[in-house]
Amino acid sequence: MIKLAYMRRLNYPLILGSLLLILLIITSIYPDQLATADPYGKQRLEFQSDENGQSTFVIPPVPPGKQYPWGTDHLGRDVRSLIIYGCKITMVIAVLIAIGRMLIALPLAISAAYKNRFSIWFIKQFNILFSAFPLIIIVILLSRLQLFMDFLKDEKLIMALLLTTFGWSKLSYVLMEKVSEILNQDFIEGEIAIGKSRLEIAVQNVIPHLIPSLIILFFLEIALVLQTMAQIGIFGLMAGAGYSNVDGDLNVPYEFDWASLLVFAYLFFGTDKMYLVIYPAAAFAISIIAFNLFGEGLRIEFEKRTSRVITLIRRIPTYVSPFRLAYEIKNIDQFRKIVYTKIICYALVLVIVFFPQAPSPYKFDAAKAFKTIEVLSSDTYKGRLAGSPENKELANYIKRELESYGLQPFDGSFIHEFDIARSVNIKGAKLKAIDTVSGSREFVFRKDYFVSSPINFEGTFEIAKVEMKELYDMTNVKWEALNKRGLNNKLVMINISGPMDGRYVNMVLQNLAIHVKSKAIIFLGGWESEGPMSKHVVINKYFKNTAIISMSKDAGDELLRMGKAKFEVRVEADVFSNTKGFNIYGFIPGSDKNLENEYIVIGSRIDYVGDDTNIRFQGALEAGGVAAQLEIAKKLSQSGIKPKKNIVFAFWDGSYNEARGSKSFVSKYVLPGKIGAVTYIDIGNLAIKKESKLLMDTSRIFPINKDAQEYINILKGNARKQDVKLVYGSVYSTLMTDLQSKSVQSILINNSERVQITNTSNDTMDMINRKQYKKIGQMLLDTIVDIARGK
Amino acid sequence: MNPLIYSISKKILATILIFCIFIYATVFICLVPSSYTVKKVDGKWTATYPIKNVIKSVNDKVVSLSKGDYKVTANGKDLVELVKIALKKSMKILTGGLIIAVIFGIFKGIFDSRRGKNRDSSLKILLTIIPISLPDVLIVAMLQAFAIWLIQHGIRIFKVAGAGSWHHEILPIVALSILPACYIARVTAMSIESCYDKEYVKAAIGKGCSSRRILWNHVMRNAIGIIFESLSNITAMIITNMMIVEYMFSYPGITSMLMNSYRNYDRNTTIVTIIIIGIIYFLLDLFFQIMKKVAFRPLKEDAA
Numbered sequence: 001m002i003k004l005a006y007m008r009r010l011n012y013p014l015i016l017g018s019l020l021l022i023l024l025i026i027t028s029i030y031p032d033q034l035a036t037a038d039p040y041g042k043q044r045l046e047f048q049s050d051e052n053g054q055s056t057f058v059i060p061p062v063p064p065g066k067q068y069p070w071g072t073d074h075l076g077r078d079v080r081s082l083i084i085y086g087c088k089i090t091m092v093i094a095v096l097i098a099i100g101r102m103l104i105a106l107p108l109a110i111s112a113a114y115k116n117r118f119s120i121w122f123i124k125q126f127n128i129l130f131s132a133f134p135l136i137i138i139v140i141l142l143s144r145l146q147l148f149m150d151f152l153k154d155e156k157l158i159m160a161l162l163l164t165t166f167g168w169s170k171l172s173y174v175l176m177e178k179v180s181e182i183l184n185q186d187f188i189e190g191e192i193a194i195g196k197s198r199l200e201i202a203v204q205n206v207i208p209h210l211i212p213s214l215i216i217l218f219f220l221e222i223a224l225v226l227q228t229m230a231q232i233g234i235f236g237l238m239a240g241a242g243y244s245n246v247d248g249d250l251n252v253p254y255e256f257d258w259a260s261l262l263v264f265a266y267l268f269f270g271t272d273k274m275y276l277v278i279y280p281a282a283a284f285a286i287s288i289i290a291f292n293l294f295g296e297g298l299r300i301e302f303e304k305r306t307s308r309v310i311t312l313i314r315r316i317p318t319y320v321s322p323f324r325l326a327y328e329i330k331n332i333d334q335f336r337k338i339v340y341t342k343i344i345c346y347a348l349v350l351v352i353v354f355f356p357q358a359p360s361p362y363k364f365d366a367a368k369a370f371k372t373i374e375v376l377s378s379d380t381y382k383g384r385l386a387g388s389p390e391n392k393e394l395a396n397y398i399k400r401e402l403e404s405y406g407l408q409p410f411d412g413s414f415i416h417e418f419d420i421a422r423s424v425n426i427k428g429a430k431l432k433a434i435d436t437v438s439g440s441r442e443f444v445f446r447k448d449y450f451v452s453s454p455i456n457f458e459g460t461f462e463i464a465k466v467e468m469k470e471l472y473d474m475t476n477v478k479w480e481a482l483n484k485r486g487l488n489n490k491l492v493m494i495n496i497s498g499p500m501d502g503r504y505v506n507m508v509l510q511n512l513a514i515h516v517k518s519k520a521i522i523f524l525g526g527w528e529s530e531g532p533m534s535k536h537v538v539i540n541k542y543f544k545n546t547a548i549i550s551m552s553k554d555a556g557d558e559l560l561r562m563g564k565a566k567f568e569v570r571v572e573a574d575v576f577s578n579t580k581g582f583n584i585y586g587f588i589p590g591s592d593k594n595l596e597n598e599y600i601v602i603g604s605r606i607d608y609v610g611d612d613t614n615i616r617f618q619g620a621l622e623a624g625g626v627a628a629q630l631e632i633a634k635k636l637s638q639s640g641i642k643p644k645k646n647i648v649f650a651f652w653d654g655s656y657n658e659a660r661g662s663k664s665f666v667s668k669y670v671l672p673g674k675i676g677a678v679t680y681i682d683i684g685n686l687a688i689k690k691e692s693k694l695l696m697d698t699s700r701i702f703p704i705n706k707d708a709q710e711y712i713n714i715l716k717g718n719a720r721k722q723d724v725k726l727v728y729g730s731v732y733s734t735l736m737t738d739l740q741s742k743s744v745q746s747i748l749i750n751n752s753e754r755v756q757i758t759n760t761s762n763d764t765m766d767m768i769n770r771k772q773y774k775k776i777g778q779m780l781l782d783t784i785v786d787i788a789r790g791k
Numbered sequence: 001m002n003p004l005i006y007s008i009s010k011k012i013l014a015t016i017l018i019f020c021i022f023i024y025a026t027v028f029i030c031l032v033p034s035s036y037t038v039k040k041v042d043g044k045w046t047a048t049y050p051i052k053n054v055i056k057s058v059n060d061k062v063v064s065l066s067k068g069d070y071k072v073t074a075n076g077k078d079l080v081e082l083v084k085i086a087l088k089k090s091m092k093i094l095t096g097g098l099i100i101a102v103i104f105g106i107f108k109g110i111f112d113s114r115r116g117k118n119r120d121s122s123l124k125i126l127l128t129i130i131p132i133s134l135p136d137v138l139i140v141a142m143l144q145a146f147a148i149w150l151i152q153h154g155i156r157i158f159k160v161a162g163a164g165s166w167h168h169e170i171l172p173i174v175a176l177s178i179l180p181a182c183y184i185a186r187v188t189a190m191s192i193e194s195c196y197d198k199e200y201v202k203a204a205i206g207k208g209c210s211s212r213r214i215l216w217n218h219v220m221r222n223a224i225g226i227i228f229e230s231l232s233n234i235t236a237m238i239i240t241n242m243m244i245v246e247y248m249f250s251y252p253g254i255t256s257m258l259m260n261s262y263r264n265y266d267r268n269t270t271i272v273t274i275i276i277i278g279i280i281y282f283l284l285d286l287f288f289q290i291m292k293k294v295a296f297r298p299l300k301e302d303a304a
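Order-wise, the sequence lines are chains A and B.
Its first residue numbered 1, the first sequence is counted upward by one per residue in our numbering.
Its first residue numbered 1, the second sequence is counted upward by one per residue in our numbering.
By construction, these hints were calculated from the structure, which means they are not laboratory data.
Check before you lean on any hint, since a few could be wrong.
[To be verified] Below, computed lysine to any residue pairings styled on SDA-like, alpha-carbon distance capped at 20 angstroms: (1) B:Lys39 / A:Asp554; (2) B:Lys124 / A:Phe302; (3) A:Lys124 / B:Leu13; (4) A:Lys553 / B:Lys39; (5) A:Lys170 / B:Leu13; (6) B:Lys39 / A:Ser143; (7) B:Lys11 / A:Gln125; (8) B:Lys39 / A:Gln146.
[What the hints assert, rightly or not] Beta-carbon label-pair distances, calculated as ranges: (9) A:Arg503 / B:Asn264: 25 to 31 angstroms; (10) B:Ile99 / A:Val174: 25 to 31 angstroms; (11) A:Tyr319 / B:Phe287: 52 to 58 angstroms; (12) B:Ala74 / A:Gly439: 28 to 34 angstroms; (13) B:Ile85 / A:Glu528: 33 to 39 angstroms; (14) A:Asp411 / B:Asn264: 58 to 64 angstroms; (15) A:Leu152 / B:Ser165: 45 to 51 angstroms.
[Stated by the list, open to error] Beyond 10 angstroms from chain B on every Cβ pair, some chain A residues (computed): (16) Leu75; (17) Val92; (18) Lys484; (19) Leu726.
Just so it is clear, the structure is predicted and the values come from calculations on it, not from any experiment.
Even for Gly, the Cβ is constructed at its ideal location relative to N, Cα and C.
When you get a sec, could you build the whole thing from the sequences and use the hints?
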């Protein structure tokens, strides 16, 4: 009977709310431990056979089942993992909005409770106005403004700002009533009688008595915010969970929230794929229930007659004060128990904060890595153009290094040649307007324009303008009429600046090159000329005899203003025909015979874009990946660790060409089945100055691939250990076109690309953050060692 | 001036003023160009569109709207007719949803309340809080999933998208009624409990009145006023709920019209539909206020 009475007295809302909140906190802090799949890994189209030999064709979205308990979304990502990983940012946003609303609502509420007429009027009218105007309509209408994107740069922050700015009034109304209640109590009259000012009463009396209500309302407000976030998500406002581009590539965001998971929900309304709406919505429901129950539970607790919460709250500052502790230590006989308890607590906090990390077993030799970068970036290799004689030398250099580390050759040799049909380096150009009204004007190569087709030619040409509207409808272009204008001997200029698909522009240019056969085409691309130009070598068979010159916006405008003019044009390029590329592989054989067909491939790119006549393209950051990989290979080989799986250190050549080294590897080993399964780790640019984050793109792995998942967790663990900010993000790599097959699971590591220096002449040794590079190198070394050991 | 007339006129004027502000704010928000931003040009912060021009275009739009320039959509269709059709459909599900919500909510509230019994109600609090914590998105999704499951098993009572027959309207009405019903239930339970603490209820219990008589004659009579008062607090929630329901069921009501016009850059229709949604809010609020006045008749008034 006593037990039953005790059970009845229990505060169930508080207990259940606390349990759910603990669950949410654990999910937010330890998503890696709870998620069984990678959130960005993609289940691609594949044939799967069951034990009866029946094959099925798996097409995302995959419904909930054995492999994916909560199914996958239409991009093939595991819904459960997405929800687990999205928990942290959802909670952070909701809490921030609730805090923001509190900060606006509280001063206004106190002021209104003191009968400030403006505050009362403002709260009341704001409440009426923005109740008639549903909050989600305001957020939808205002979030489209470019102003917010320019200043906040993130949809989530825009949503948080708008939800805070327009959503505080109800809270303020409730708080106003609470403050009024407190001000009407007898003890306030006493405070007035002793001569306390309004501010003193507000700070010393109202706020301490308001704290229990504030705590309750804070949790209830978080629940309200979460409700609104779910509604906003369903209207497709948030796109933070990644979106696929026209090629179907998934753009992986740094972080995402649950609202973003509902963005694509509209595709599945009223279909049998409703689980894609139900699971994220259920996650919202659980969190809203948690906050509501916790808030209500606290209300029950605070309203108990025996509640001493206000007294406790007022005592907290005194209790944790170091002065108080000093006083207690001085009078230890009196406060012995309290002093011991406090000292143990403080000691525990200090131990947790300053707990020493286990040292890395092998030190990453950053000085040696920098020397390698210096060698690779030096004049000797002239910008490391694939197919050039210098790259053959480079391959021999890497081979010698691998040999000296004690690595074995792969498939009989370290260097594996492959055919590169044509390698081109446009290293200089001249574009000079002569015979204009204002004299002559020479444009600056790689500042005002760049050339993107391989041809060595020189000449003076008249310019002929072709309007885009004459070419836009490609099936009805009047080529004969165009040719009658004698365009084949002229420099054709077309204005393409404006919102046009790059691939469509390319097709228009191709058609022009095929049908008109002009010497060169200038197109006004409308790009802004800021900083050094990224060097792109576009090799297209249709442009074999036509130079394509792309002008910046400013130079293009100038060109348009010139009117009739002649142009001196010269394009200077190194062209290597029927040349060879050189992949280099260092091999450490696996010790487990059962896994002899499984490989871990660690790769980086050795080639770069080649030097210009007057500009050096060092590619030091790209070389950083190669140097780190060499250092890792050395340490792993010399450690004597016998990995279970075969490990290949691959140094790819030709990554800027159509015939890539990675393509050659896949067609030679993976597609014929010589290699069964590959987990590929791509090491790109590692430590650009001004970039604090390192990106990890896992969208090329299958979500349920256990090995890849394990390696990712090891990588994350080592990133935490080395204090490297490793975050999810989209990494572009040409190699990924080749490494997409079912048997290859790829993880890409690269710097974020906010600082545009890749493929520019700015990619120099000075741009490397050496301290950060060392940390990242150590992180990668520890990761590969852990993987090799089978941690 | 008679203080009553003064007070009423002041209230009417305040309502008209706030409605005018609402219309102006609506037009302003809809007309600010999406590319509006502020950039630093030659060291000075400069707006891409001078704010004066934006305000001028808003003023012009408000004037043209007041002259009746709102009757055609961007693609030349009769906006008034379209709004009438959409509004009729929305009112159908809104009325149905509200009736179900009030009836179901009050009865659930009576069931949930302690009705004067001195026992702990934390388990009942759980049952009250959990339903109001469910996002409307989840409720609609679950109803749709249920309907699809029924259809897959050959039971074709509900249709999950569109409009035109009662089959289409059942689910939106049910979806629209669940959350308001849970709120009403909560308020009902709380107001019933507060009434049971009153002296006159204790006196009635002491005189031996039956519990049913106490509930309906003493408690509900006073609680109903509080219930209708609280309804005006959930008006905004009902409107938002309607947006979600119409969107997810592809139900061609007024809020669907708003979203479609927004997506099609039809500013005229967007402005008109937002104003109509605002009018629905004000009318609903007014209706709840009147209901409160009608329902709340103090016992003393009856005695007189």
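Comparing the hints with the structure gives:
1. B:Lys39 / A:Asp554: Holds, because 19 angstroms separates the two Cα atoms, which is no more than 20 angstroms.
2. B:Lys124 / A:Phe302: Answer holds: Lys124 of chain B to Phe302 of chain A is near 19 angstroms, not above 20 angstroms.
3. A:Lys124 / B:Leu13: 15 angstroms, holds
4. A:Lys553 / B:Lys39: Satisfied, since the Cα-Cα distance of roughly 19 angstroms is no more than 20 angstroms.
5. A:Lys170 / B:Leu13: Status violated; Cα separation ~23 angstroms.
6. B:Lys39 / A:Ser143: Roughly 18 angstroms between the alpha carbons, so the hint for Lys39 of chain B and Ser143 of chain A holds.
7. B:Lys11 / A:Gln125: 12 angstroms, holds
8. B:Lys39 / A:Gln146: 11 angstroms, holds
9. A:Arg503 / B:Asn264: 25 to 31 angstroms: 27 angstroms, holds
10. B:Ile99 / A:Val174: 25 to 31 angstroms: 29 angstroms, holds
11. A:Tyr319 / B:Phe287: 52 to 58 angstroms: With Cβ atoms ~53 angstroms apart, the hint holds.
12. B:Ala74 / A:Gly439: 28 to 34 angstroms: Given about 51 angstroms between the Cβ atoms, the range is violated.
13. B:Ile85 / A:Glu528: 33 to 39 angstroms: 49 angstroms, violated
14. A:Asp411 / B:Asn264: 58 to 64 angstroms: 60 angstroms, holds
15. A:Leu152 / B:Ser165: 45 to 51 angstroms: 46 angstroms, holds
16. Leu75: 20 angstroms, holds
17. Val92: Holds: least Cβ distance 19 angstroms, greater than 10 angstroms.
18. Lys484: 42 angstroms, holds
19. Leu726: Holds, since 33 angstroms exceeds 10 angstroms.
Figure legend: structure checked against the earlier numbered hints; hints not met, in rising order: 5, 12, 13.
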